[in-house]
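Colleague: Taking this note's numbering, I'd label the letters of the sequence shown as residues 1 to 372.
No lab work stands behind these hints, which were simulated from the structure alone.
Treat each hint with caution, since some may be false.
List of simulated lysine-lysine pairs, DSSO-like, C-alpha gap at most 30 Å [to be verified]: (1) Lys79 to Lys132; (2) Lys329 to Lys79; (3) Lys329 to Lys355.
Computed from a predicted structure; not experimentally measured.
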Amino acid sequence: MLLGALLSKYASADSPGQQPISRFLAPSEDFRLLREVEFNGGAIADVVAADASSLLILAGMPSGFSIFRLGCESGECRKFVSASYLAGLLGANAGVQDWSLRFDPATNLLVLLPRREGRLVVLDTTNAPRLKRYRLGLPAQFRPGAVAFLPGGGLLLSPRFSLPGASRGQMIIFSPEDSSLTPVQVKRSLSTILQLHPVDARHAVALGYFTANDPNASAMLASVGLSDGQVELWQGSSGVRLLAGAGALLGVVRPPATQVIPADRPAPTYELAVLDGNGRVAAGTEVVPIYSDPRALAITDDARYALLLVNREHHFPDLWLINMHSRVKRLVRNDVLFAGLMPGGRGFYLVPARKNTVCFYRLVPGSGRASR
């Protein structure tokens, strides 16, 4: 789903409302905490990167919820979409926890995706604060599940569940240029798509359940043709749990049942692996053992770093940074609500639990001993 040119400017004076924290690390470490910025716009419900130097934050207060834009350099926080505008779009009874954000910096498309019930909302924010709302006209039964931005513009949508009476799955391509909807009749039974990763304007990799009405089916990877709906199942991918795509396709997978574990080491729950075109661990690559239940995964454009959020029993998740070249794993922070990569390849952000702050980190390529 990284801090860009702003990183060279952190020697400037701190602006109001900003609480910088300095941390000097050995050159071998892979990241450095640059700033921890206090956020006063309410309880944070979701965060996405807007560009290399700012975030969009969905936050709620008793009077309603708004979307704010937080600058990484200055710490300046300004309202991006007002509570009154959102109430008009979503209804006065809409709750902040019922929605999540998606944003495409290349096209300035902002998507409000319902977590449960509700209609998908797509806004063009190019001329913000003046916003353009697209009226998608999706089928009444269509409840959006996975959403992905297509290279060159547009949205690829899949239903949360297969449409009633449909013997095959259906995806929809939305083009903002003419507000058109193009259905993609997937040529295979389909119950749920969990994640979508467009390869180009004609193909996407999907993680989902491709056998409808089979409670024992496992999620698999498949290549889906966006022009003809042809599906090619990746037969080795039945153990994939999470997926992230950039210069390489990265997956969190179940370790093979035949794996031999030394007596002095715990058995990994999952493995982080570069995948080949069949959903198997790519030849000549090493896996990284994961000992907790994974929650979210992201990878930098150069496929060097993976950001992995893992669940922890009776606690908020932990955030790990993994160097895919050296297999070095570093714990960034315990008790993290949200985390993500910044566009540009040089940093990431996180929102800690129990604190209304946002932390910005710089990636510092280095080497070190792997944490196993």
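Colleague: Hints numbered earlier in the text: which of these fail when held up against the supplied structure?
Modeller: 2
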